[in-house]
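Fit chain B to the known structure of chain A by using the hints.
Residue numbers (our numbering), protein chains in the order written: chain A, 1 to 139; chain B, 140 to 542.
Since the hints were made in silico from the structure, they are not lab data. Incorrect hints may have been included.
Said to hold, decoys possible - Think about it this way: if two alpha-carbon atoms lie no more than 25 Å apart in a straight line, the pair counts; the simulated SDA-like pairs of lysine to any residue are:
(1) Lys237/B <-> Ala32/A
(2) Lys210/B <-> Gly157/B
(3) Lys472/B <-> Ser525/B
(4) Lys237/B <-> Cys44/A
(5) Lys237/B <-> Pro42/A
(6) Lys210/B <-> Glu99/A
(7) Lys500/B <-> His454/B
(8) Lys500/B <-> Asn516/B
(9) Lys237/B <-> Leu198/B
(10) Lys500/B <-> Ala74/A
(11) Lys210/B <-> Gln150/B
(12) Lys210/B <-> Pro141/B
(13) Lys500/B <-> Leu100/A
(14) Lys500/B <-> Gln43/A
(15) Lys500/B <-> Pro42/A
(16) Lys237/B <-> Asp33/A
(17) Lys500/B <-> Cys44/A
(18) Lys500/B <-> Ala46/A
(19) Lys500/B <-> Val37/A
(20) Lys210/B <-> Val180/B
(21) Lys500/B <-> Ala39/A
(22) Lys237/B <-> Leu100/A
(23) Lys237/B <-> Ala74/A
(24) Lys210/B <-> Gly45/A
(25) Lys237/B <-> Arg75/A
(26) Lys210/B <-> Ala161/B
(27) Lys500/B <-> Gly45/A
(28) Lys472/B <-> Asp439/B
(29) Lys500/B <-> Pro452/B
(30) Lys210/B <-> Tyr101/A
(31) Lys237/B <-> Thr76/A
(32) Lys500/B <-> Arg35/A
(33) Lys472/B <-> Thr498/B
(34) Lys210/B <-> Thr145/B
(35) Lys237/B <-> Arg463/B
Said to hold, decoys possible - Output of the computed footprint for chain B on chain A, the stretches with three or more beta carbons under 8 Å from beta carbons of chain B:
(36) 10 to 23
(37) 47 to 59
(38) 79 to 89
Backbone N, C-alpha and C fix where the C-beta goes; we use that ideal spot for every residue, glycine too.
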Amino acid sequence: VILHGLTLHPGTATGRPIRLTAPLSFWGGTDADGRIVDAHHPQCGAVLTSRFLLMESGRGSSSASSVLAEQIRARTAPAAIVLARSDPIIPLGALIAAELYDLFLPVVVAPYDTIPDDTVLHVAATADHATITWSTFTS
Amino acid sequence: MPLHLTAAEEQMLSGQDGEGVALAMRVVVGQARISGAPRLVEITSAHVDSCLYHGQVSLDFVHSLVDLGAKVRVPTTLNVGSTDLIHPTLVRDRQLAKAGRELMTAYAELGGTPTFTCAPYQLPNRPALGEHIAWAESNAIVFANSVLGARTDRYGDFLDVCAAITARAPYAGLQTPEARVGTVAFDCRPLGDFLHSELAYPLLGHHIGSIVGAGIPVLTGIPADVTEDDLKALGAAAASAGGVALFHVVGVTPEAPVSIDDLPVYTVDLRTLQEVRRALSSTGPELDAVSVGTPHASYDECVRLAELVAGPPLHLPFYLSTSRATRDRLGEKLQVLERAGVTVVVDTCTYVTAILQPTWKRVMTNSGKWAHYAPGNINVTAVLGSLAECVASARAGRVVLDS
Chain A
1 VILHGLTLHP
11 GTATGRPIRL
21 TAPLSFWGGT
31 DADGRIVDAH
41 HPQCGAVLTS
51 RFLLMESGRG
61 SSSASSVLAE
71 QIRARTAPAA
81 IVLARSDPII
91 PLGALIAAEL
101 YDLFLPVVVA
111 PYDTIPDDTV
121 LHVAATADHA
131 TITWSTFTS
Chain B
140 MPLHLTAAEE
150 QMLSGQDGEG
160 VALAMRVVVG
170 QARISGAPRL
180 VEITSAHVDS
190 CLYHGQVSLD
200 FVHSLVDLGA
210 KVRVPTTLNV
220 GSTDLIHPTL
230 VRDRQLAKAG
240 RELMTAYAEL
250 GGTPTFTCAP
260 YQLPNRPALG
270 EHIAWAESNA
280 IVFANSVLGA
290 RTDRYGDFLD
300 VCAAITARAP
310 YAGLQTPEAR
320 VGTVAFDCRP
330 LGDFLHSELA
340 YPLLGHHIGS
350 IVGAGIPVLT
360 GIPADVTEDD
370 LKALGAAAAS
380 AGGVALFHVV
390 GVTPEAPVSI
400 DDLPVYTVDL
410 RTLQEVRRAL
420 SSTGPELDAV
430 SVGTPHASYD
440 ECVRLAELVA
450 GPPLHLPFYL
460 STSRATRDRL
470 GEKLQVLERA
480 GVTVVVDTCT
490 YVTAILQPTW
500 KRVMTNSGKW
510 AHYAPGNINV
520 TAVLGSLAEC
530 VASARAGRVV
540 LDS
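Only chain A is shown next, with the shape it has when bound in the complex:
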């Protein structure tokens, strides 16, 4: 199955999805180990590291770009981020990690409701276009 999306930051990645039911701010919302620590967030306690993060959008804090860039540097970031609507601050964190460390975390806008939870996702995001693919045969 192929889902097409808009690239906010390029890159390729593979991982299992984690779906958030509310927007998350990386700053104040996640710790250095990639765990959700926002006590008000429905998925508080979940670890995002190496997962394919599906969430509506970011939220609030300007520092979210710093926190995400630091997680990319420390290898505790999600593998990829798929948003339902564009967000200016999350892809900025990915942009800085690419400038400083040559590490590319893809950030994509796509209607992710059709993505099943129990599967492995692959994303290929270029400057022009993003595709998310997965197999319908789940393990």
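Chain B in isolation, oriented as in the chain A frame:
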């Protein structure tokens, strides 16, 4: 949409103005593409949030800019950092304080003014109606857009300083007039007299932020004599609970519509705000400390606190976060505060660094933003109250609420 750059902007991008400017321009252009901007816009000031330490990446980025010879081109204020440079022993974590100081110093080297406050709108020379600016720090963004009518989009760390170095921001989002129109209305008239109490504003802010997300709320029924401190509290809570970067208050803020007839309307009553208070504020009498001044307390708020603490002694640790500029203006009031046992924190804030003792579990605040973030950041539960309730509680050594 293709991005159009002027000759001067192409020159910055190509490295003709130096490699530091080129790096900054790549970030601004990258953000412009992310935002779908057709062009860049010249800005008249910047407020930089990137001077708060978030790990090695914070230092790596600013050192790249310093090493490449970058300097800011517009008046640039600096947000809070991770340490109090005037009271350096306040921060318990020496490593964090050292990294924080290194970062703050590097941003000053780039030409930022060492203001170290999250409330740059309390300083002189604030931007005017219609000015294009690049401000980061969510509460500063929402205040500049809503109360001053200046124009800034929501900018993340890194973009803020890159905008300062290039004097450019993407012409997108709230830089454009069409994006500044209200999307949803809140009729606050049922709140009646409660709107004359300061506690109404952090609660209302948290409530509208939770409902609208990144939408643009329009409030009606707010008294015309609402203070800038009230609007600060409202905006800060709305920005942290949602992604609010602009709100309008009919009859108060400069770009507010005359009528809300064409918008969906939520009605806010006392019960709604009581529920917000229950969600943000834990119950029970135990209390370990009090922390007020998030965003940084204004001169008026510091003076009012000095009046409130003059009297019977405080029995709990009491922290006031404010800017070094406001502290300098306080004169004798500063001595009143310090004699009463108030620890005045500048350059930083109690919930973004290691100032409070790790054994403290319940801390009272007058800030909706502090109540929202402190549990995740510094592992405390928050109790929300007015400034007077905070002082009464510190005197009693337990939570004392008026109602």
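To see whether the hints hold, each was checked on the structure:
1. Lys237/B <-> Ala32/A: holds, 19 Å
2. Lys210/B <-> Gly157/B: holds, 10 Å
3. Lys472/B <-> Ser525/B: holds, 20 Å
4. Lys237/B <-> Cys44/A: violated, 31 Å
5. Lys237/B <-> Pro42/A: Not OK: lysine 237/B and proline 42/A at ~35 Å, beyond 25 Å, violated.
6. Lys210/B <-> Glu99/A: Holds: lysine 210/B and glutamate 99/A sit about 19 Å apart, inside 25 Å.
7. Lys500/B <-> His454/B: holds, 16 Å
8. Lys500/B <-> Asn516/B: holds, 13 Å
9. Lys237/B <-> Leu198/B: holds, 12 Å
10. Lys500/B <-> Ala74/A: Judged against 25 Å, a Cα distance of about 30 Å means the pair is violated.
11. Lys210/B <-> Gln150/B: Holds, at roughly 16 Å.
12. Lys210/B <-> Pro141/B: At roughly 29 Å apart (the allowed maximum being 25 Å), proline 141/B and lysine 210/B break the hint.
13. Lys500/B <-> Leu100/A: Violated - the C-alpha atoms of leucine 100/A and lysine 500/B are around 39 Å apart, more than 25 Å.
14. Lys500/B <-> Gln43/A: The hint holds at about 23 Å.
15. Lys500/B <-> Pro42/A: holds, 22 Å
16. Lys237/B <-> Asp33/A: Measuring from Cα to Cα gives roughly 22 Å; hence the hint holds.
17. Lys500/B <-> Cys44/A: holds, 19 Å
18. Lys500/B <-> Ala46/A: Roughly 23 Å between the alpha carbons, so the hint for lysine 500/B and alanine 46/A holds.
19. Lys500/B <-> Val37/A: holds, 16 Å
20. Lys210/B <-> Val180/B: holds, 19 Å
21. Lys500/B <-> Ala39/A: holds, 15 Å
22. Lys237/B <-> Leu100/A: holds, 22 Å
23. Lys237/B <-> Ala74/A: Answer holds: lysine 237/B to alanine 74/A is near 20 Å, not above 25 Å.
24. Lys210/B <-> Gly45/A: violated, 41 Å
25. Lys237/B <-> Arg75/A: holds, 24 Å
26. Lys210/B <-> Ala161/B: holds, 12 Å
27. Lys500/B <-> Gly45/A: holds, 20 Å
28. Lys472/B <-> Asp439/B: This hinted pair holds, its Cα atoms lying about 11 Å apart.
29. Lys500/B <-> Pro452/B: holds, 22 Å
30. Lys210/B <-> Tyr101/A: holds, 23 Å
31. Lys237/B <-> Thr76/A: Given pair lysine 237/B, threonine 76/A holds - Cα atoms ~24 Å apart, limit 25 Å.
32. Lys500/B <-> Arg35/A: With Cα atoms ~21 Å apart, lysine 500/B and arginine 35/A stay inside 25 Å; holds.
33. Lys472/B <-> Thr498/B: Distance ~31 Å between lysine 472/B and threonine 498/B Cα, so the pair is violated.
34. Lys210/B <-> Thr145/B: It holds: about 21 Å lies between the C-alpha atoms, which stays within 25 Å.
35. Lys237/B <-> Arg463/B: holds, 19 Å
36. 10 to 23: Result for this restraint: violated, n = 1.
37. 47 to 59: Our answer is that it holds, as 3 residues pass the Cβ test (under 8 Å) against chain B, meeting three.
38. 79 to 89: holds (count 3)
When the structure is compared with the earlier hints, violations turn up for hints 4, 5, 10, 12, 13, 24, 33, 36 and for no others.
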